[in-house]
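Trainee: One letter stands for each residue in the lines below.
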Amino acid sequence: MATTDLEPVTETRRTLMRQRLGRWDQKASPYAYIAPFFVVFAVFGLFPIVYTAVISLMDWDTIRNSGEFIGFDNFTYVLQDRKFWLALRNTFSIFLLSAVPQVLVAMFIAAMLDHQLRARTFWRMGVLVPYVVMPVAVGIIFSKLFADQSGLFNHWLGLVGIDPVGWHKQVLPSHFAIATMVNFRWTGYNALIFLAAMQAIPRDLYEAAAIDGAGALRRFVSVTIPQIRPTMIFVIITSTIGGLQIFDEPRMFDTTGTGGADQQWLTITMYMYNVGFGNLDFGRASAIAWLLFLIILVISLINLFITRKFIKSDSSGGK
Amino acid sequence: MTFSRRKTVLGLTASAAILALTVAGCSSSSDPAEPTTPATDSTMSAAPDAAAEPVTLTLATFNTPGYQQIEQPDAPYQYDLIKEYEDANPNVTVVYDRKAESGDARTNFFAKLGPGGLADVEMVEVDWMPEVMQYSDLLEDLSNDGNADRWLPAKVADATDADGRMIGDGTDVGPQAVCYRESLMEAAGLPSDPEGVATLLDGDWANFFDVGQQYFDKTGKAFFDSTSGIWQGMIGQIDPAYEEAGTDAIIAADNADVKAAYDQLTAASMDQSTHLGQWSEDWSAAFKSGGFAVILCPPWMLGVVKGNSGEETTDWNIANVYPNGGGNWGGSWLTVPSNGANVDEAKKFVDWLTAPEQQAKAFANAGTYPSQPAAYDNPLVKDAVDEYFNGANTGTIFADRAKAVPAAPFKGKFYFQVNDAINNALTRVDDGTDAPAASWDKALTDINGIS
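As they're listed, the protein sequences go chains P and F.
The first sequence begins at 900 in my numbering and counts up one residue at a time.
The second sequence begins at 3 in my numbering and counts up one residue at a time.
Here chain F stands alone, though its shape is the one from the complex (with noise of 0.2 Å):
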């Protein structure tokens, strides 16, 4: 039949059109990455270790550990670490793969360790490291004369599997400071310069909550971020917590520091905390509206405050204390697979980039903050200094809380489950659901359920 040219000329707008808002709807997200070197013969007679056999490594991590600066042709610090390996060792090619987030590594990661396949180099992230070590036996010993020695003890620590063998190369920890906002600070008749909040938090968690109460009092609004944030920082210095070091029986029905913790801190949530959970839309819309003053910040946090709170909010500091000392929060590190092809390079490689100066760059380029005290006197780390928390000294200020962090508390197979069920709890009271004694009753009956 024929048409009308009105019609034709319709029809193919309309098609047009339609072609268009389908490509884009289905356009994939970003592509993976590419392989970082031109695939060149490496078999350079001219270098010195052209003798040895061509080898493909394949590394695979998560977020941004700052081993390239791919995202932002801008910043100041534009170290390649890979190809700095490459360069020094020319029959090595490197092929990294970068998951976005945690949770797709972990899938990927466990979906994998049995069958195969997985890279060469595996990062692994503290919150699911205890699941790790109850297959430590498929991942290489790490440790090889003493090297040990040059990470963080708690690093080590919770790494280091029943058998002695130290399965993961620590990478980046999560010292913890306090951020918080000058302005409110004020407002609350607070001291609001660093060395003054630091005086004014310095002290156990019931000084903390004091002044909380403090800020309440005068201003009627949240001191702090979220409940779930202050029960982290809380729960890392109970050692143990949940369960029994070497038996995996859960205690944490029974252990009064839990009970006690989870006490104070739900007779403090009920006015100072803001109620949200955190990573949630309202939680992120708080920074930037003055919802709460003081946050448990960990140096990959400062992104997170500068990029919810934009770049209006001009008042956001860093204080160099934390309660009862210090606490960690996050961290990962570099594994590797015993079925994979490449054992021997991937460790050497591992080896190298675990490395103090190796992470001080890593630092320089994404923030991560070093897990090797010899790396807190590089200049790229002593010498930090973030504009945007009005010139706070970051490289000193993380490496005094992170020596402050206290040795690692035992975490078995069952920690994340337990402490899901406690956040669980915590939530409910902050939502109203449950009064803090009926909340924790529940809490008790799913851990009690745990097996």
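Only chain P is shown next, with the shape it has when bound in the complex (with noise of 0.2 Å):
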């Protein structure tokens, strides 16, 4: 009869059918799964960056929304400013006062976390407490700390005979007391992303070497960096990107939020702020943006080159 005939080939038709739906579902549900994603950064991300882009060739004022076009002349005047190199200096200085300590000391921190301790959870926990605290707040304290003639650090080094040092009126004391906030903020945080990579590393490689007669030092050194590498590079590209854009910290180190008279704390971040809006030059304020964006671009790369090359990754272990 023509239905028996028929129905061999309907079904076939929607095996087909549903074969071809399923192979076309494992092909492009996961772009539509990361789809609103993509879609809220090219709005709120991407868009933004190119605008950034756009108005810093251009004379701006934000407030009637016009400019003219005037090249790369925001760019030179930029480079040709000379507090934006003195923002350079004071951005690496605090960079790297603040993110090799902490690096170092994280590292040591989650080492020793990541033994049998009782009540591990509670220092855990603990090391995380000053990343809670608001940077603000911190900022507030530490220069009421800080505090040339009146601050508590300055009366205890007079306690052991030391002059005061002029946290506010030097480069390096004033980088140092701020590299000091930034450690005391971040130092936990890194601390619990090592001490996380540290507990995966399987015990047996421990085992093994303390066989073959390596001390803790040397297991430390030989064992725990090179499988702990990824971990590393992530925490030190973050820490860079962080580093180089502090902005909170420096801000609050005094009332008038300039970076010093002389300008021996004010950052790159710090330095676009005022512009942008103490100055009201956002043509400018966009050149500089642009110019940090290249800096930490260049930074981090350099980074990444030095901490691939350095740090030896374990081919047994490692990604």
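The hints are simulated quantities; they were obtained by calculation from the structure and are not laboratory data.
Don't be surprised by glycine CBs; every beta carbon is placed ideally from N, CA and C.
Don't take every hint at face value.
Stated by the list, open to error - If the Cβ cut is set under 7 Å, some of the chain F residues that face chain P in the computed set are:
no.	residue
1	Leu115
2	Gly116
3	Tyr137
4	Ser138
5	Glu142
6	Trp281
7	Glu283
8	Asp284
9	Ala287
10	Ser340
11	Asn344
12	Arg430
Hints given; two lone chains; assemble the complex.
Mentor: Structure follows, in structure tokens:
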């Protein structure tokens, strides 16, 4: 009969359709699932970046929302501004003074926390508490502690017989003070990230090393560090990006927010903020933003290269 | 898994403690001001203006202008100007938005001036008025029927743009007198009664610094509170200081008056200045510790002096004098953005709020000194006495000083950038970072780069 002849044909067609849909689903749905993020990023992330690039080429009046095209004049002005180079110097100095001790101390703390301590969870949560405190609050309190005449630190130094340090007057002391605030906040956070990576290291690697006669330090250098190399890369790159963008702590270091009379602690982000919202010159501020972006890109790539080269990856376990 | 009883109790206690800490740490700062009237129906048919449309006006201010006495239920005066206006105009409801500081208000103002979203009435401070002037075409002209005569001339001049439009109604001013510590003046062998100090300091800045030198020679301590405070006083009397009216050209680098003032001040500040930055921690601590003997004080500084010195310091007083007569520090205007929804109602409101009677009440509330001479005869102002300053008659003192304020020097759009460069130069000298000449050269490099 006709129906019995047709049934196998429609059955096959339906199966083919289902198979085709299934394959199409497998290929296309990952893109559909990540699309919302990229749509939001395109609107709120990518568009402002492109807009900033366009404005940096113009003499922009943000209130009248108009400007005239002036080419690279903004960039030339910024690169010839004495304050830009001072800000660059300060930013790098604060970055090095904060990122390097931070990563080293964080690794040390993570190594300590990796042991079987009593009340482990308390210690591990404890290192994160400074991260929870608002940077502005940290800045206000530390700037009181670091006050030149009435601050606690100079008082203690005086008790030991050392002359008061000009925390708000000299370049390096101010960088040291600001780096202290940054380290206070971020060391615990990075320590926990390192700890998570260390806990994923298989214990038999340590046993094997111990059997071969490696002491604790040797085990740390030759087993732990290569095993957590990907995490180290992550921490170093995020510290670089964050360190080159420091704003809260230097801004709160004094009440005026201009980075010191001699630009002792003016960072690039502060400089950009003061030019944009202080002088209402958004064209120049956009130029500074793009220059900062390029600088961060270059430094991050350098850091990646250094980390890859100097920390040998462990071929058996590392990715 | 099951927990032992001990672990359960410990766990719950720890969670409660962490929750409490987190809530305390995450709690937001003080809530925004509530609307001042209950949201009742404003079309009361019994009132005479009932035929008018109901209108909601938004008023945005910062610091404490004194229109309401919100934070101090024990203060002697509790005028509520907002409520008074609403009672007199039943169809109007006022929503009052108070920002904490001038900086926050300024950021908000410039962010919304172009795209819209400002309040119907916005308060603008003297420090950012020159920048606002560039956009004066976006604000309403508030001059009508010669009411500009109510204010001090300097107050009107600073708010009038190149086309003659007065875009702000003056609220308060900061005529400066000299606040001093009686005991410290005595210790230096100088007169310590208000009249004596007034006679002593009456003259020009050279005379002021002579007295300061005498003080330093006798006591070895700093005479005035900060170099930048004195600079603010000196530069306010130089006209034109930094820019040329009409062209916006920056003349600071070639202005002999500015350089002379800089030299005079840096020479004196070696010995006579505390070398502290205003508003810094150390500066606030110096009030109590006797770090300096005099400070140039406008009316709003009295609260700062009292707050920083505390109740233990009992010998502050005010001398009715100022080098070269008078100077102004601080002050605000109320402006009406043109793209607001209720421009005409807002203009009426601003006109009323800045009238002499209302300014006198605001002064009674918060010590913000009126900018209209007619208010100086109001008993609230004339008879005002400050107990903390040993009964100084603040009403008369500041009325005299206000009348002595010279004509407003021209301030163009680069005024505060140039002033910042020079203030930085002075601070560098204070800190010992640079010698005066080298510091001035650095400031010139910065000023020449301003554009």
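Trainee: All hints are to be evaluated individually against the structure, with a verdict given for each.
Mentor: Checked hints:
no., hint, in the structure
1, Leu115, "5 Å, holds"
2, Gly116, "4 Å, holds"
3, Tyr137, "6 Å, holds"
4, Ser138, "12 Å, violated"
5, Glu142, "16 Å, violated"
6, Trp281, "5 Å, holds"
7, Glu283, "4 Å, holds"
8, Asp284, "4 Å, holds"
9, Ala287, "4 Å, holds"
10, Ser340, "13 Å, violated"
11, Asn344, "22 Å, violated"
12, Arg430, "5 Å, holds"
The earlier numbered hints that this structure contradicts are 4, 5, 10 and 11.
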